[in-house]
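Straight run, no breaks: the sequence shown in my numbering ends on number 190.
Keep in mind that the hints were calculated from the coordinates and are not lab data.
Remember, predicted model here, so these are calculated numbers, not experimental data.
Note that the Cβ used here is the ideal one computed from N, Cα and C, for glycine as well.
Any given hint could be a false lead.
Label-pair distances were calculated between CB atoms; the ranges are [stated by the list, open to error]:
| no. | residue 1 | residue 2 | range |
| --- | --- | --- | --- |
| 1 | Asp146 | Thr125 | 27 to 37 Å |
| 2 | Ala189 | Glu20 | 35 to 45 Å |
| 3 | Gly168 | Ala110 | 36 to 46 Å |
Derived pair list, reagent style EDC-like, types lysine to aspartate or glutamate, alpha-carbon separation capped at 16 Å [said to hold, decoys possible]:
| no. | residue 1 | residue 2 |
| --- | --- | --- |
| 4 | Lys171 | Asp60 |
| 5 | Lys141 | Asp178 |
| 6 | Lys72 | Glu156 |
| 7 | Lys72 | Glu152 |
| 8 | Lys175 | Asp122 |
| 9 | Lys174 | Glu20 |
| 10 | Lys175 | Asp60 |
| 11 | Lys92 | Asp60 |
| 12 | Lys92 | Glu177 |
| 13 | Lys141 | Glu30 |
| 14 | Lys72 | Asp159 |
| 15 | Lys153 | Glu20 |
| 16 | Lys141 | Asp88 |
| 17 | Lys174 | Glu136 |
| 18 | Lys92 | Glu152 |
| 19 | Lys141 | Glu177 |
| 20 | Lys72 | Glu20 |
| 21 | Lys72 | Glu158 |
| 22 | Lys171 | Glu20 |
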Amino acid sequence: MTNPFAILGLPESLLLDPAAIESSWREHHRDNEAASAGDASDHNRARALLSDPISRLAAWLEVKAPAITPDRSIPPALMDLFAKIGPVLARTDALLARHRQATTALARALLTKDCVTAQLEVQALLQEIQPVKATFLDRFAAFEKAAEHEDFAAAAAALGPLKFLKKWEDQCRERLLALIAT
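From just these sequences and the hints, can you work out the full model?
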């Protein structure tokens with residue numbers, strides 16, 4: 009797959025409406041029902057890429073500025089957040105391991121308070137991650153404006169932090185679901 013925007017017949021834009029992505033995918037899917045499995049796979053991957061704003065940014069940069077290599081380091085501003093996330097996830101993993109090892113209902117019941125506390129900690133982290141992520145996503149219009157002048161530096165600089173934020177958000181959601189299931 010080369011250009012997910014072209015595959016779905018969408019403009020190369022960061023500001024795509026999710027409904028437009030879905031509509032275009034359905035239209036291409038319906039029109040290409042008899043097409044090969046590879047074409048369907050490309051359409052599905054394009055839909056998945058463009059539906060996620062962070063993947064869309066990566067694809068947009070790949071199409072618009074293929075020579076730019078995104079910075080993969082964690083900016084100092086995010087290190088404070090990472091310093092909070094690491095220990096909470098480690099404590100949560102240890103708690104989940106203890107819960108899995110608990111063989112009796114009484115042993116599991118004794119862990120209930122700790123599970124609720126861990127849920128609250130993970131939810132608090134999610135509430136910290138989401139606004140930080142939103143500040144980057146809110147700059148997509150500015151990235152496009154700068155791209156009109158062949159300036160992709162800010163967009164490329166945002167990709168690394170956004171990938172970290174997405175990873176941390178996914179990890180927190182995974183732990184939260186595991187805690188809820190206990």
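Hints, one by one, checked against the model:
no.: 1; hint: Asp146 to Thr125: 27 to 37 Å; result: 33 Å, holds
no.: 2; hint: Ala189 to Glu20: 35 to 45 Å; result: 41 Å, holds
no.: 3; hint: Gly168 to Ala110: 36 to 46 Å; result: 40 Å, holds
no.: 4; hint: Lys171 to Asp60; result: 11 Å, holds
no.: 5; hint: Lys141 to Asp178; result: 13 Å, holds
no.: 6; hint: Lys72 to Glu156; result: 10 Å, holds
no.: 7; hint: Lys72 to Glu152; result: 10 Å, holds
no.: 8; hint: Lys175 to Asp122; result: 25 Å, violated
no.: 9; hint: Lys174 to Glu20; result: 22 Å, violated
no.: 10; hint: Lys175 to Asp60; result: 13 Å, holds
no.: 11; hint: Lys92 to Asp60; result: 25 Å, violated
no.: 12; hint: Lys92 to Glu177; result: 13 Å, holds
no.: 13; hint: Lys141 to Glu30; result: 23 Å, violated
no.: 14; hint: Lys72 to Asp159; result: 10 Å, holds
no.: 15; hint: Lys153 to Glu20; result: 13 Å, holds
no.: 16; hint: Lys141 to Asp88; result: 14 Å, holds
no.: 17; hint: Lys174 to Glu136; result: 12 Å, holds
no.: 18; hint: Lys92 to Glu152; result: 33 Å, violated
no.: 19; hint: Lys141 to Glu177; result: 9 Å, holds
no.: 20; hint: Lys72 to Glu20; result: 8 Å, holds
no.: 21; hint: Lys72 to Glu158; result: 9 Å, holds
no.: 22; hint: Lys171 to Glu20; result: 20 Å, violated
The structure fails hints 8, 9, 11, 13, 18, 22 (numbered hints given earlier, in ascending order).
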